[in-house]
Amino acid sequence: MAQRGRTRRILILLVATSITLLTLDFRGSGSTDSVRDGAGGIVAPVGGFFDWVLGPAEATWNGAFDYDDVVAENEELKTRLASIVANELIISALERERDELREMLGLEAHMDLPLVAARIVRTSPTNFKPTWEIDRGSDHGVKVGHPVIVGNGLIGRVSKVRASSSELQLLVDPNFSVGVRLSRSGEVGIASGNGRGQLLEVGLLAGDVAIVPGETLSTSGLEGSSYPPDLVVGTAVVATLNVNEGTQSLTMAPAVNLDQVSLVAVLLWEPSVLSDSPPEAR
Amino acid sequence: MSNPGRIVILMVTMLFVQYGLAPHIQSGGISPDLLLLVALVGGMVGGAERGAIIGFVAGIEMDLIVLTPFGLWALTGCLAGCAVGQLHGTFTQGGVILHLITAVSASAAALTLFISLALLMGQDFLNELPLVRIVVTVSIVNGLLTPIAVRWMRWALEGIPELGASA
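Protein chains in written order, with our numbering: chain U, 4 to 285; chain V, 300 to 466.
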């Protein structure tokens, strides 16, 4: 009987402690983040060690048992490479033209930003962690908020930084938002994530703007924006008119297929001017 | 080595294994939740009181490496460890099959509790995950790993009656 009472008291104490921790976390005290960061610093090298030990074995296993997939992927990559080589020729011609026009108009170049190439080292140690981890951190100049791209396509931002690794918040995350500009009209709206595998949603577009499916949307780069201009975010899918508010909402396909990403670039870019709006939305 | 030393070794090792090894041994994109298994086996071998404590510590370890609200895994772990520990007397008379069935059903119940609480707390990203597949896969994997985990936990909590021994 005494044993049961003791067990009950211990259980109540542990539940109360858990609820206290949950309350602290919800109130954003920062202490739980510090503890997580500290623990992350300790376990991250162990994760790296396991990656180093098991990586080759995993590659061999995949090569042996997913051979058909590897061959198919190789063929697809060859096709894409040929297409990229062709595009590069066009792009270099367009870049020359752009630079000449920029020089004529006296515009400042904004795409020659310093960047850090990074490898996605882990997707998740458990089934309940919706972030990616890269192998570059504060030692390499990475800071929280830095945009993360693949090619010229935005895939997210740095959400947490450690010495030699960082965590990313992907643009499909429901808590992610970014200011975007339509390529044809120049109309500006706010794109936000809807979850992995879902289209993004763009709101606050004027009702009278013509939107063409397939039209490119890039970061707006407005003053104080958290992202530099002209990073491709996605392409327009379907626009819906909101008659009452006189605005349109738009669904948008992300420019980068996140399932095929293994290397990313972190732009060492910080907004020059801050405004009052939340940073994600700018 | 003293029991506290052994249980510390077990808990620290499982944290590293969960963080480092679990992502490499996925089945259909789903990795095992080994720390949940530790919580359950702590209850099976050590009883309700030790189960609650081991479950709480395992939960805290899980909270350190995931981004769900801090304390949610600790809450789930201590409740799961304690609940399984309530059946402790039954385990001393049952066999491996009983452990296995308990691990599978308790894993499913604990994960369902965790997911439900997380969704109530606004963790909407969970809706994007294949939750049923996660619960089923993790429960089965935990069940299969139970005999090894029970043996290891018994080593860590030396003095607990052998599996199948009379109460």
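Hints may be right or wrong, so weigh each one.
[Stated by the list, open to error] Here are the simulated lysine to any residue pairs, SDA-like style, with alpha carbons at most 25 Å apart:
| no. | chain 1 | residue 1 | chain 2 | residue 2 |
| --- | --- | --- | --- | --- |
| 1 | U | 163 | V | 423 |
| 2 | U | 163 | V | 320 |
| 3 | U | 163 | V | 425 |
| 4 | U | 163 | U | 33 |
| 5 | U | 163 | V | 454 |
| 6 | U | 163 | U | 273 |
| 7 | U | 163 | V | 439 |
| 8 | U | 163 | V | 408 |
| 9 | U | 163 | V | 363 |
| 10 | U | 146 | U | 107 |
| 11 | U | 163 | V | 394 |
| 12 | U | 163 | V | 418 |
If you are wondering where the hints come from, they were derived from the structure by calculation, not from laboratory data.
Here's how the hints hold up against the structure:
1. 163/U x 423/V: It holds: about 20 Å lies between the C-alpha atoms, which stays within 25 Å.
2. 163/U x 320/V: Holds: residue 163/U and residue 320/V sit about 22 Å apart, inside 25 Å.
3. 163/U x 425/V: Holds, at roughly 20 Å.
4. 163/U x 33/U: Answer holds: residue 163/U to residue 33/U is near 13 Å, not above 25 Å.
5. 163/U x 454/V: Not OK: residue 163/U and residue 454/V at ~39 Å, beyond 25 Å, violated.
6. 163/U x 273/U: Given pair residue 163/U, residue 273/U holds - Cα atoms ~15 Å apart, limit 25 Å.
7. 163/U x 439/V: Measuring from Cα to Cα gives roughly 34 Å; hence the hint is violated.
8. 163/U x 408/V: 32 Å, violated
9. 163/U x 363/V: 14 Å, holds
10. 146/U x 107/U: It is violated: about 35 Å lies between the C-alpha atoms, which goes past 25 Å.
11. 163/U x 394/V: 47 Å, violated
12. 163/U x 418/V: Holds. Residue 163/U to residue 418/V sits at ~23 Å (cutoff 25 Å).
This entry does not satisfy hints 5, 7, 8, 10 and 11, going by the numbered hints stated previously.
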